[in-house]
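Novice: Input sequences plus hints: build the corresponding full structure.
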Amino acid sequence: MTFRYLPMTDQDKKEMLETIGIETTEDLFQDIPEEVRFKGRLQIEEALSEPQLVKEMGRLAALNKNTKDHASFLGAGVYDHYTPSIVNHMLLRSEFYTAYTPYQPEISQGELQAIFEFQTMICELTGMDVANSSMYDGGTALAEAGLLSAAQTRRKKIVVSKSVHPESRAVLHTYAKGQHLEVVEVDTDNGMTSVDSLRAEVDEETACVIVQYPNFFGQIEPLKEIEEIVHNVKGMFVVSSNPLALGALTPPGKFGADIVVGDAQPFGIAQGFGGPHCGYFAVTTKLMRKVPGRLVGQTVDEDGKRGFVLTLQAREQHIRRDKATSNICSNQALNALAASIAMTALGKQGVKEVAHQNIQKAHYAKKVLEEKGFKIAFTGPFFNEFVIELKCTAKEVNRKLLESGIIGGYDLGLSYSELKNHMLLAVTEMRTKEEIDQLANVLEGLACVQNISH
Amino acid sequence: MRTEHQSLIFELSKPGRVGYSIPELDVPEINVESIIPSDYLRTEEADLPEVSELQIVRHYTALSNRNHGVDSGFYPLGSCTMKYNPKINEDVARFPGFAHIHPLQDEDTVQGAMEMMYRLQTSLAEITGMDEVTLQPAAGAHGEWTGLMMIRAYHEANGDFNRTKVIVPDSAHGTNPASATVAGFESITVKSDERGLVDLEDLKRVVDQDVAALMLTNPNTLGLFEEHILEMAKIVHEAGGKLYYDGANANAILGFARPGDMGFDVVHLNLHKTFTGPHGGGGPGSGPVGVKADLIPFLPKPVLVKEDDLYKFEYDRPQSIGRVKPFYGNFGINVRAFTYIMTMGPDGLHQVSENAVLNANYMMRRLEPHFDLPFTQHCKHEFVLSGRRQKKLGVRTLDIAKRLLDFGYHPPTIYFPLSVEEAIMIEPTETESKETLDEFIEKMIQISKEAEETPELVQEAPHTTVVKRLDEATAARKPILKYTKQV
Ligand SMILES: Cc1ncc(COP(=O)(O)O)c(C=O)c1O
Chain R
1 MTFRYLPMTD QDKKEMLETI GIETTEDLFQ DIPEEVRFKG RLQIEEALSE PQLVKEMGRL
61 AALNKNTKDH ASFLGAGVYD HYTPSIVNHM LLRSEFYTAY TPYQPEISQG ELQAIFEFQT
121 MICELTGMDV ANSSMYDGGT ALAEAGLLSA AQTRRKKIVV SKSVHPESRA VLHTYAKGQH
181 LEVVEVDTDN GMTSVDSLRA EVDEETACVI VQYPNFFGQI EPLKEIEEIV HNVKGMFVVS
241 SNPLALGALT PPGKFGADIV VGDAQPFGIA QGFGGPHCGY FAVTTKLMRK VPGRLVGQTV
301 DEDGKRGFVL TLQAREQHIR RDKATSNICS NQALNALAAS IAMTALGKQG VKEVAHQNIQ
361 KAHYAKKVLE EKGFKIAFTG PFFNEFVIEL KCTAKEVNRK LLESGIIGGY DLGLSYSELK
421 NHMLLAVTEM RTKEEIDQLA NVLEGLACVQ NISH
Chain D
1001 MRTEHQSLIF ELSKPGRVGY SIPELDVPEI NVESIIPSDY LRTEEADLPE VSELQIVRHY
1061 TALSNRNHGV DSGFYPLGSC TMKYNPKINE DVARFPGFAH IHPLQDEDTV QGAMEMMYRL
1121 QTSLAEITGM DEVTLQPAAG AHGEWTGLMM IRAYHEANGD FNRTKVIVPD SAHGTNPASA
1181 TVAGFESITV KSDERGLVDL EDLKRVVDQD VAALMLTNPN TLGLFEEHIL EMAKIVHEAG
1241 GKLYYDGANA NAILGFARPG DMGFDVVHLN LHKTFTGPHG GGGPGSGPVG VKADLIPFLP
1301 KPVLVKEDDL YKFEYDRPQS IGRVKPFYGN FGINVRAFTY IMTMGPDGLH QVSENAVLNA
1361 NYMMRRLEPH FDLPFTQHCK HEFVLSGRRQ KKLGVRTLDI AKRLLDFGYH PPTIYFPLSV
1421 EEAIMIEPTE TESKETLDEF IEKMIQISKE AEETPELVQE APHTTVVKRL DEATAARKPI
1481 LKYTKQV
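Just so you know, the sequences run in chain order R and D. Using our numbering, you'd call the opening residue of the first sequence number 1 and step up by one each time. Using our numbering, you'd call the opening residue of the second sequence number 1001 and step up by one each time.
Just so you know, the hints here were simulated from the structure itself, not pulled from any lab data. Keep in mind that the hints are not guaranteed to be accurate.
Unchecked claim - Negatives, chain D to chain R, calculated, CB over 10 Å: (1) Asp-1131; (2) Arg-1205; (3) Gly-1240; (4) Lys-1306; (5) Glu-1453.
Said to hold, decoys possible - Now the stretches of chain R that chain D is said to cover, found in silico as 3 or more residues with beta-carbon under 8 Å: (6) 58 to 66; (7) 83 to 91; (8) 225 to 238; (9) 245 to 253; (10) 311 to 322; (11) 341 to 352.
The C-beta atom is built at its ideal place from N, Cα and C for all residues, glycine as well.
Specialist: Next up, the structure:
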């Protein structure tokens, strides 16, 4: 059988073997000891031709309910947002996606400049001084913010609010274990970090306090009060933020955050069953040399012409090895490019408009659900997500919603034992009034939620 | 490549221009100040660009024209496996049923995605000879850390809390020792011998009761197969340690040897190398980890299982190291890798490695007369030359790399591994034709001649790129890491 990705002909092979001075390619594998030589045939599926492959992968894809064919109210860290058509067109410029890390700056100016622009846009949105070129995702970025804080303060206690994404907290716990750090979770009150509990937990041993803004329940945390508590003990103030929300909300940098992390998925990155997305990591100038991952800097060439290079590499694993600030090497560059293109397309006006539409639509949804007698679990200010109480399981409700072409919200009982039968609903700019009304009507009509008192 | 001045997108911005289109708000508008406290409402706008759609398209097209990818030309970047990234993979990954599904949807609405993941993890287990595979890690380094955390959990479950050391060869990639540190270990270096392989005597010397694991790339970063792998495994296992396989070089051995059969306990693969995930200018990648049976209980949560004909994420894993990433890994890259494996099948993958190794050996023998070759045995999928002969003429490996830019090539990996002076690490991959290899070889030979006859031509290279050599020292000394508007 011949393969379209393998250009070697029998004639090529013959000539190459001659040049090497051997009879068969087997000779090249003689250094693999007999006992470990794999002699069978790999028991994997047989090769498919291109048309067969498209059919089989199409079959698998069709088994999934997607958010193009359904109105989705599912968020919880991953959102259905407007993606300008040009994002995909530009991403498919193969000089971007088939390139490696820009180690040779003279032939990587395109990628380097795009990342420099990404860094700038993340700084603008977060109100921070320095942003890196990306992290794997918001969860690992948050964990690395915890590690950086511990290293910087030489303290071992990380304080994190329970209103931070449960999966990010889980990742933080795993990373912290590796570093022998203690992670303390602070309770919530009305779906927000309990400022009293926080005050009780934070002490001179605290490396950092980590909160999410807007938090996992969609609510806007009181960053001002929290900042005071953590800076009083000279700990680091770490905020995880949905960058789109920062089109409308005061940036964490303005509240004195030392590190701001998050995921740029809302900007032009497909939900894609949870990845690849695009973590970002932004800090104050003071922490510039402690940042994990790659940074792009501006410089000049021999003729004085502006150009861009990877810089401050003395932080990184390929130079510092076991003393590096992080082990990250490959990151999420292509998704940072996607986010840059989307942020550029939205621009100054669009980011604000889209963020405000999210606020308006989510509040409209809350209002119609309230009018239908649903109880809204929390009363704090929120961005594009809020929590409703149900009389039956979210799973049952979601099954019913799906029959009406709706992907329902997140079942909070899965990660908060006290929030059984609570559903987190996300309403982005993509949801029309009609879809929101339909959600409310279908929910109202469900036998299992009907008996909620009006 | 075009050489004119390239504006930053911010420099093209003009108030009032837009590049997007969303519908007018269709719900009754309420005053935001009535719902969000004024301190939390942004007053100063984020200064993002204001540009039209065509300006954006021209801008990114211009940037792409200032970038070199595998589609632009030969990219023999050692250790990175810059093979062709199939176009069909990009199509499949964009199917709405893969691209537009949410990770927290009910499992019965995403069975197709879960089936794909299950079939991929099963294939990777077979290819590596391991018992189970997790697709969660986002890249190679993330896989290393995940694997080491599992090894730690394994030792601790055995009541063994004193294994503080991880051994890495001097030729190891930087992520190996860095991952060891993040996982809470101290890394100890083991020396290579004159043939470029791990020095068994030195290994015996450093292995003791404190060793948690030995991390190894095989073939190693010199492109050489560690022939004594079974003895090494024995030394480490007898001391109670585990063997970790850095799969960055798996392109050499598909269907020829499996880490699981060599005695490795934990393996990561770089799907963005061996299995055609595009590098994307630095990522995203995907770094699945495979383990032997005794490490299965420690796999990160959730574990994807198949029960009857249903796929399920299992969370009840009391000995698990926990989560290493939100959701289930870089799914989109995994879709591409699975599409590739289904394209090649068992015979295709075997041929991949055979051709990759043949290509590398052919290049090595043709270049051997012109450059120093520190290790002369057959190589696997890549080989390392030394530029020390040229260095004596005043031409450094960096200069050779820059000169290659003039001929439209991406240079090989340089100055890695650290154990070789003026290293030039060449990995052609199997997707390149003999004609391409021959043209590149001719240019390398020409450069070796230039080093003797007209060294300044090489020292001053590149001559044809959009920018000349850049001042990296100043970039690091006075960092400018974002655009600031001139007022
Ligand atoms: C030998 C080796 N190990 C590990 C890595 C790290 O992989 P990643 O960049 O996917 O984290 C690389 C990649 O450069 C490598 O070449």
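Novice: Each of the hints needs a verdict: does it hold here or not?
Specialist: These are the hints, each one checked on the structure:
1. Asp-1131: holds, 14 Å
2. Arg-1205: holds, 19 Å
3. Gly-1240: holds, 20 Å
4. Lys-1306: About 14 Å separates Lys-1306(D) from the closest Cβ of chain R, which puts it past 10 Å; holds.
5. Glu-1453: holds, 23 Å
6. 58 to 66: holds (count 9)
7. 83 to 91: holds (count 5)
8. 225 to 238: Not satisfied, violated; 0 residues make the cut.
9. 245 to 253: holds (count 6)
10. 311 to 322: holds (count 11)
11. 341 to 352: holds (count 11)
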